[in-house]
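Student: Chain G: place on chain X using the hints.
Chains X and G supply the protein sequences, listed in that same order. Counting in this note's numbering, the first sequence runs from 1 upward without gaps. Counting in this note's numbering, the second sequence runs from 1 upward without gaps.
Possibly wrong hints are sitting among the right ones.
Calculated cross-link-like contacts (lysine-lysine; reagent style DSBU-like; alpha-carbon spacing at most 35 angstroms) [unchecked claim]:
#1 X:K117 <-> G:K100
#2 X:K145 <-> X:K117
#3 X:K117 <-> G:K147
#4 G:K147 <-> X:K145
Calculated directly from the structure, the hints in this document are not laboratory data. This one's a predicted model, so the numbers in the text were calculated from it and none came from an experiment.
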Amino acid sequence: MAASVPTWSSALLTTTSSSSISSSSSSSKLSNLSSLQYQPYLPTLTYRRFTSKPRTRTLPIVAAKKQTFSSLDDLLEKAEKPVLVDFYATWCGPCQFMGPILNEVSVSMGDSIQVVKIDTEKYPEIANKYSIEALPTFILFKDGKPCDRFEGAMTANQLIQRIEGTLAG
Amino acid sequence: MTVMRSLPATTSYAVSFAVSSVKAPPSHLRYRRFVVTNASAEPSDKSVEIMRKFSEQYARRSGTYFCVDKSVTSVVIKGLADHKDSLGAPLCPCRHYDDKAAEATQGFWNCPCVPMRERKECHCMLFLTPDNDFAGNEQVISMEEIKESTANM
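Chain X with its partners taken away, still in its complex shape (with noise of 0.2 angstroms):
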């Protein structure tokens, strides 16, 4: 089955030196001093694209596409495709009830969209960005904005018609 592979990436971001993720609550200069004290350590986001032809009988060729972002902007900004964001924390059933269900749809939907996957213990300041409480919270980006958010866990059928639905419209 080596077509099967997900079109998601599961690591996360950091803050840069410059002012790519506004914190409200830190002045300027401290932001600029604590990333650079973190700069050796900053996490980068892996964003890994797997591309498969339709299967046929003979064996599918799989290009795996790694790139590095420095933030969820820069990606956001950079996606060719709408991106469905799955903000998660480790200890959520309904977050790891979706994650097979989320490679399924990524692999079906793989021309469409992008999924990217964000751990919410991990990356507290995004989720506060994005004002997640409930988890998991879906965001689906087309342009590098929000352009529908939903909650909970459901099966692969719902999630698709929601994707389709919100991208038909």
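Tutor: Same frame as chain X, but now just chain G:
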């Protein structure tokens, strides 16, 4: 303010701050009151057992059922245990908080949370009303089931 008929919170477990495996610091550091703890990614077995028992009791009491997919139940129980270990109270694991400690003290989202007690709404999919699509027909879950379902985490 109307009087709401709400399910009383089951306080059959002691709420105490549990620190997992506190080691005695090396002698040259002891005078500094330096406490070394083993913070692991896994909740303690004791807390998991407490939350497992609580979940079974509360499901029975509220007439709700566990998810057809027991791994969801297992993950939530472990999440509750993890918060009980780190915060002293089983804060809902399916929410993002600005300040977890403050929320745990405030109590709205301590399991069983207010929405559950008042309206039987559990977005964690831990306690499901019979009409819910994901509801199974069980109100029990064993420690083995929990361990198996979460073994790969």
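Student: Which hints from the list above does the structure break, by number from lowest to highest?
Tutor: Hint 4 contradicted; others consistent.
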